[in-house]
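Student: Here is how the chains run, residue by residue.
Protein chains: 4
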Amino acid sequence: MSGSTFGKNFTVTTWGESHGAALGAVVDGCPAGIELSEEDIQVYLDRRKPGQSDFATKRNESDTVKILSGVFDGKTTGTPISLMVENTSQISKDYSDIKDVFRPGHADYGFYAKYGIRDYRGGGRSSGRETIGRVAAGAIALKILKEKGIDICAYVTKIGDIEIDRAAFDKDEIRRNPLCMPDRNAFEKASDYLKGLMEEKDSSGALVECVITGVPAGIGEPVFDKLDARLAYAIMSIGAVKGVEIGDGFDVVSKRGSENNDEFFMSDGTVKKKTNHSGGILGGISDGDDIVIRAAVKPTPSIYRKQSTVNESGDEIDIEIKGRHDPIVAPRAVVVVEAMAALTIADYIIR
Amino acid sequence: MSGSTFGKNFTVTTWGESHGAALGAVVDGCPAGIELSEEDIQVYLDRRKPGQSDFATKRNESDTVKILSGVFDGKTTGTPISLMVENTSQISKDYSDIKDVFRPGHADYGFYAKYGIRDYRGGGRSSGRETIGRVAAGAIALKILKEKGIDICAYVTKIGDIEIDRAAFDKDEIRRNPLCMPDRNAFEKASDYLKGLMEEKDSSGALVECVITGVPAGIGEPVFDKLDARLAYAIMSIGAVKGVEIGDGFDVVSKRGSENNDEFFMSDGTVKKKTNHSGGILGGISDGDDIVIRAAVKPTPSIYRKQSTVNESGDEIDIEIKGRHDPIVAPRAVVVVEAMAALTIADYIIR
Amino acid sequence: MSGSTFGKNFTVTTWGESHGAALGAVVDGCPAGIELSEEDIQVYLDRRKPGQSDFATKRNESDTVKILSGVFDGKTTGTPISLMVENTSQISKDYSDIKDVFRPGHADYGFYAKYGIRDYRGGGRSSGRETIGRVAAGAIALKILKEKGIDICAYVTKIGDIEIDRAAFDKDEIRRNPLCMPDRNAFEKASDYLKGLMEEKDSSGALVECVITGVPAGIGEPVFDKLDARLAYAIMSIGAVKGVEIGDGFDVVSKRGSENNDEFFMSDGTVKKKTNHSGGILGGISDGDDIVIRAAVKPTPSIYRKQSTVNESGDEIDIEIKGRHDPIVAPRAVVVVEAMAALTIADYIIR
Amino acid sequence: MSGSTFGKNFTVTTWGESHGAALGAVVDGCPAGIELSEEDIQVYLDRRKPGQSDFATKRNESDTVKILSGVFDGKTTGTPISLMVENTSQISKDYSDIKDVFRPGHADYGFYAKYGIRDYRGGGRSSGRETIGRVAAGAIALKILKEKGIDICAYVTKIGDIEIDRAAFDKDEIRRNPLCMPDRNAFEKASDYLKGLMEEKDSSGALVECVITGVPAGIGEPVFDKLDARLAYAIMSIGAVKGVEIGDGFDVVSKRGSENNDEFFMSDGTVKKKTNHSGGILGGISDGDDIVIRAAVKPTPSIYRKQSTVNESGDEIDIEIKGRHDPIVAPRAVVVVEAMAALTIADYIIR
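Protein chains in written order, with the numbering used here: chain V, 15 to 365; chain F, 15 to 365; chain W, 15 to 365; chain A, 15 to 365.
Next up, chain V with everything else stripped away, as it sits in the complex (with noise of 0.2 Å):
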């Protein structure tokens, strides 16, 4: 198994690189009877498109899906469905600069080393383009989600060293700025540092954070198949995230048993905690709270600064990367999270 194939009973297999004809994803195991249009996937895909900010790059992409299978008279079949988004304005540019060059902070060593041939283009199937494949399933995830009541929303909270502030948390303010923090304020600095790295060409690393909302208690596996690990496995698999935590995550290591731990309580006859330290998530089962994930999202590894490299050819070379790369991979990261995430409980709900 090559791995590009994620889930056990709702599967989803992406396929495609930055610069082929198309690419795209099959959808196993959707239950029939589903409403289901392009458009429900269209508004996720317009979410992830790049060129819409001074933080991401203007590019001409209208990354327009199609639902080739699975769908008949509106609704789900219960057959593979099959979606595809065509690579219109992929104009292969003159690769020669980069080629046989390994980048910095790139894939293209690995890749080389493991294949020993590369599609060099537009960093080929390790292109943040990969990730169209899992966004437009997910949007079939969420939408299978929502009619169970489980709802799922990711944003910024960090960047650089500007958080946010949790008291002016505004959900609202999440889809308004183009850094997807949900406080303006924060935004707004935020905002003047990375046009600062921009002039010094330098990128941004930032902090997403998502929260699911509804997911009753009793879901996961106890051993390997935990609820959390699962989902780390999920957003792991983000091409530039280097860290997932759940709940207080790694402030857990200089916390006591006592503070840690989530107290109990009855309400309305439901089993509820005081606290939710444990990200919704203990010994691998829901626990009926908000489940909380965060992922560090490293800083885009293409910047226009000169690096030292090495070629295939084993030659040690200057290079300056061109074209336009986005000072900052979070706010387009996380939407793709949302798509993981949902993937990821979907797979569960629909065992």
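Read the hints as simulated data drawn from the structure, not as lab findings.
Just so you know, not all the hints are guaranteed correct.
Any copy will do: because identical chains look the same in the list, a pair fits if it lies in one copy or spans two.
Unchecked claim - When the alpha-carbon atoms are kept at most 30 Å apart in a straight line, the in silico BS3-like pairs for lysine-lysine are as follows: (1) 22 <-> 157; (2) 286 <-> 336; (3) 22 <-> 63; (4) 63 <-> 80; (5) 113 <-> 89; (6) 22 <-> 80; (7) 22 <-> 162; (8) 63 <-> 209; (9) 269 <-> 63; (10) 63 <-> 160; (11) 336 <-> 63; (12) 215 <-> 286; (13) 89 <-> 22; (14) 160 <-> 22; (15) 113 <-> 286; (16) 215 <-> 336.
Remember, it's a predicted structure, so these values are computed and weren't measured experimentally.
Following the hints, complete the assembly by docking chains F, W and A onto the known chain V.
Tutor: Leaving out everything else, chains F, W and A in the frame of chain V:
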């Protein structure tokens, strides 16, 4: 799939509860012709065994492994290796005080919501004893990896706010102190800290670091089965782990691209990196450098302090959990982290 | 994946060799709350046990099963059920005459070519004793299916050229005679035939039929995981099986469409078929009728007659295989066929 | 898992319905560096295309394949290969007469019972057109196998009661006649037989044989993933197949051990068998001989004759299925059998 099997080509299926007749694992996909004895496995089980220090409960478990199949004349035959550890001293004490109670910080409530039934003795399937199967299987993976020049070493770097001094890092010290810290001075401080917590009937979280050396460049898959994604899955599937990071991990959030990128250079005809912010993995594929993982381990949820909670009947009650509880989980998790890392890497290498 | 695990949601992993310490299986995915005792499983193991007739070798195997996990207070807990049968009487005889010989009709040569090493005692992993794990796991599947009104019954319909008379079909007779034939008269003739073969140091093939009743319409998947495809996989994975057919099977070759189609009609508000040429499966999905499978079982390859073959050194030699060989495999395969059919159906039902 | 993915290491996921926008497959796990063009695949699709003889419907499908990913500069890159065939001429005719009817011999009723909804146009997902994805993926597997000296050839050996004369076996004849029979004389007789059936508005079953040459000894797994078990799974997953046998298959029922065992001998330093009753597989592992599989293919269920059946409302009705139906399925299944055999073998070889 109920998720008791890990891996795709080199697979391990664990079974067993805290107070059942036995616990064990079946390893499928082990190559034929590898020398393997019960001794090879026992050394790892002895490292995870409780009752070995001030900070681990004194239990009389011998945890002796038996190889029941797959080995003939001292060598593996390529067929499934069945490993079993009998539960010799799990005399069921009186569990009447906790049998229908949802202990804070434990999986009790999730199990009840999921299955409607649970083996409440010692945590049942969600007990730390489940890791016996993982460690036994991991010992086989470690043996295979060692023959290929790959070594795995985990240790504790932080307990509460007490951190090791990287300048004083002493690998030999790890096995000398019961907290598995590679710095004698930090161990002594942490030791005092934990003794204080024990007096206060409390427990502490900790940070475990794991370094994998000798993995060649080119191991991993570019999309869902990224090497770091599978490692995150493996490590997060360990009971008390709430966060996983690779390389600089969560520090990337405040880093710039120019700080975070590792520049390549040539050394004796081999591609090397000047730094290792990536933690040995780029784009899901190993880059030939040391693989560095860190796991946040939460404080032992079983504490002697009085806690308020609810029971299966929906009554709000107070509990004081009796028995013997370790004030810290992490040192016993160290060998489990090594085992899970080994199982993950072996699964790729044998692919 | 070395293929010791069967199933996707209700999975069984078998382990063990003919002359190892024990054999067993781990069942994962069994629902919680099902009453299960060792008795429930032992009855099926007793049916596959050798030493029960003129046509089966007298061995002293008690084949007593132990449930090591997954059952608490007499009920399944939803966690893996580990089943073990110890090899009490497998005193290794002198195997020096066959240890490096490739016995005709056996897997010896293939094992040698594949692994370069093999446990030659009693066939090792390719021994019929491997089916102990299948039958033990199948007993659990059969219990689950029975609660859902599904029943499975296999029997021998033909031995050599002696066939049962369908008009004289007597279900009760199956368990009364050691050849598991549902026709006393056919049994007596087959019995004489086999006694003659034994005098001639030879063995016979046979046909096993299996009928599954009570499967509702709509079970199966339309493409690769067709119900009949998974059944063929399951049944063909039994050692001596060389052919599998569903419904009219190979007879369809000379049939016309008008003869082979089963017309639908209504009966008490339910859709029924006038005939059952389909064997209960159309397009990979159950049609509500009895599922009918037949398996061709080859003659025991171990015969007393002198045969010419080669050994690991490449010498051409003659062998006469000593020990005790059954003149027919099929009667002991009957319960294995039931077990594999049950594991297959349970995997769908639990899906 | 809804079963649209086949294979463990070399996997294919098919998608598409008879009358959807397109059909296709995603192949994951193909090694990097293999030369691959659309031409390589098209030749196999052309062999399965209808409209080529008196015995296949004249449809205007061009069935032109596009490679959408995974190939760069004419070579595979190791990433998923997405294959698509657009449905150019599937103008939906008027299906009002069959849209709520359960056609005898078809999957209609099972689909309805399973999903509650179905794409009734041309059989939807259970249409023979679903095999486009299999054949396209199989073409890639066949290319890989050929480079390793493995060849696969299928043909029709029997139609109704007309059988080929083994003495007159002519491999070149297979592609010369539209019934894919390796015996001109048998083809002519079968041709007359089928013309008679067409006048009687009826159809015929047939037997397909497939021979795989060049598989070295040692391929397969000893328990569930026996080579013959996976082949049976693969072949039985083809729509109209009702039986699968390996080597002597069902003939073993009346054979003796001394007749059925293949004796080994040495030939130029290689272990060979004097006969091939085993069909190239012993104990689930290849023995180095030709692998011989036979599949029983049922008569086309769509016939012009009046048949009685029921509809979704539970009314008993008579139908005469209009449109163009082939009087025989088997010749078009020949290339599908080759494709499924190739996908199965490739999955082991790449393992």
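Student: Each hint: holds or not?
Tutor: We went through each hint and held it up to the structure:
no.: 1; hint: 22 <-> 157; result: both (19 Å within a copy, 26 Å between copies)
no.: 2; hint: 286 <-> 336; result: between (54 Å within a copy, 24 Å between copies)
no.: 3; hint: 22 <-> 63; result: within (28 Å within a copy, 34 Å between copies)
no.: 4; hint: 63 <-> 80; result: both (16 Å within a copy, 26 Å between copies)
no.: 5; hint: 113 <-> 89; result: between (45 Å within a copy, 16 Å between copies)
no.: 6; hint: 22 <-> 80; result: both (24 Å within a copy, 28 Å between copies)
no.: 7; hint: 22 <-> 162; result: both (20 Å within a copy, 25 Å between copies)
no.: 8; hint: 63 <-> 209; result: within (21 Å within a copy, 55 Å between copies)
no.: 9; hint: 269 <-> 63; result: between (40 Å within a copy, 25 Å between copies)
no.: 10; hint: 63 <-> 160; result: within (23 Å within a copy, 43 Å between copies)
no.: 11; hint: 336 <-> 63; result: within (21 Å within a copy, 48 Å between copies)
no.: 12; hint: 215 <-> 286; result: between (49 Å within a copy, 25 Å between copies)
no.: 13; hint: 89 <-> 22; result: both (23 Å within a copy, 27 Å between copies)
no.: 14; hint: 160 <-> 22; result: both (20 Å within a copy, 27 Å between copies)
no.: 15; hint: 113 <-> 286; result: between (56 Å within a copy, 19 Å between copies)
no.: 16; hint: 215 <-> 336; result: within (11 Å within a copy, 60 Å between copies)
Going through the hint list in order, the structure satisfies each hint without exception.
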